[in-house]
Structures are given as structure tokens and as C-alpha cells.
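> The opening residue of the sequence shown carries number 35 in the numbering used here; numbering runs sequentially from there.
FYI, nobody ran anything at the bench for these hints, they're computed from the structure. Predicted, not measured: the structure shown is a model, and the values here were computed from it. In this text, a Cβ means the ideal position worked out from N, Cα and C, and glycines have one as well. There's no promise every hint is true.
As the list claims (entries may be wrong) - Label-pair ranges, simulated between beta-carbon atoms: (1) Gln-77 / Gly-142: 34 to 42 Å; (2) Ala-65 / Leu-104: 15 to 23 Å; (3) Gly-142 / Arg-122: 26 to 34 Å; (4) Ala-65 / Arg-99: 34 to 42 Å; (5) Gln-145 / Pro-62: 24 to 32 Å.
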Amino acid sequence: MPPSPLVRIADGEDMIRACYPVMRELRPDIAEDEFVSRVHAQQAQGYRLAMLEDAGEVVAVAGFRISENLAWGRFLYVDDMVTLAAQRSRGFGGALLAWLRAHAREQGCAQLHLDSGF
Numbered sequence: 035m036p037p038s039p040l041v042r043i044a045d046g047e048d049m050i051r052a053c054y055p056v057m058r059e060l061r062p063d064i065a066e067d068e069f070v071s072r073v074h075a076q077q078a079q080g081y082r083l084a085m086l087e088d089a090g091e092v093v094a095v096a097g098f099r100i101s102e103n104l105a106w107g108r109f110l111y112v113d114d115m116v117t118l119a120a121q122r123s124r125g126f127g128g129a130l131l132a133w134l135r136a137h138a139r140e141q142g143c144a145q146l147h148l149d150s151g152f
């Protein structure tokens with residue numbers, strides 16, 4: 035039986051770069067170096083990248099932040115979430131969302147928000 039997918043926070047430049055091929059599917063107009071630069075800039079504001087690995091390959095990524103406001107209290111907001119096209123319909127997106135939900139609870143969040151286009 036293969037090991038379960040692993041979700042980690044991408045906290046170093048190598049890990050952030052490992053997320054780029056996945057994020058490029060959602061944000062194709064951003065070059066790799068610009069992606070890394072933007073992630074670093076946003077990290078100063080609380081942005082984090084969660085990366086889901088399967089068999090050592092990053093197959094899904096979610097960019098998120100924890101914040102507070104009057105309407106929602108403390109919440110986790112998902113800015114970006116994507117799975118590699120070749121890996122879709124295998125449960126990776128659901129696994130990553132479940133991890134985000136658990137992480138939100140661990141961080142004392144009352145809600146999780148994710149907006150999606152159509």
C-alpha cells in the first residue's frame with residue numbers, strides 16, 4: 035500500500051519553487067522567479083503555501099492566510115488552490131482541503147473561506 039499523501043507548509047525557497055509547476059496551472063501568467071518573489075512578499079503578511087506531496091511529487095497546492103474581521107471573527111482564507119491536471123480526480127484536492135480545515139481549527143479559526151470562479 036503506498037504511503038498517504040503528505041501535506042507540509044512550504045517554508046523555504048526550494049519548497050516554494052517545488053510548488054511552482056502546480057501553481058502555474060492556476061496562474062500561468064506568473065513566471066517562476068516572480069512567483070517566488072510574490073510568495074516571499076506575501077509571507078510577511080501571513081500568506082502560507084500548503085503543499086500536498088504524493089510519492090515525493092508536489093501534486094496540489096493551496097495558498098492561504100489566517101486573519102480576523104468583525105463579520106467572521108478569526109478565519110482561514112484560501113487565496114489559491116490547485117491540483118496538477120494529470121492528478122485530478124484522485125482525491126488530492128479533498129485531502130488538501132481537509133488538511134486546511136484541520137489547520138484552521140488548530141489555529142483557533144471559526145471559519146474557512148474559499149472563493150472560486152466558474
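> Work down the list of hints and note, for each, if the structure agrees.
Comparing the hints with the structure gives:
no., hint, result
1, Gln-77 / Gly-142: 34 to 42 Å, "violated, 20 Å"
2, Ala-65 / Leu-104: 15 to 23 Å, "violated, 38 Å"
3, Gly-142 / Arg-122: 26 to 34 Å, "holds, 32 Å"
4, Ala-65 / Arg-99: 34 to 42 Å, "violated, 23 Å"
5, Gln-145 / Pro-62: 24 to 32 Å, "holds, 30 Å"
The earlier numbered hints that this structure contradicts are 1, 2, 4.
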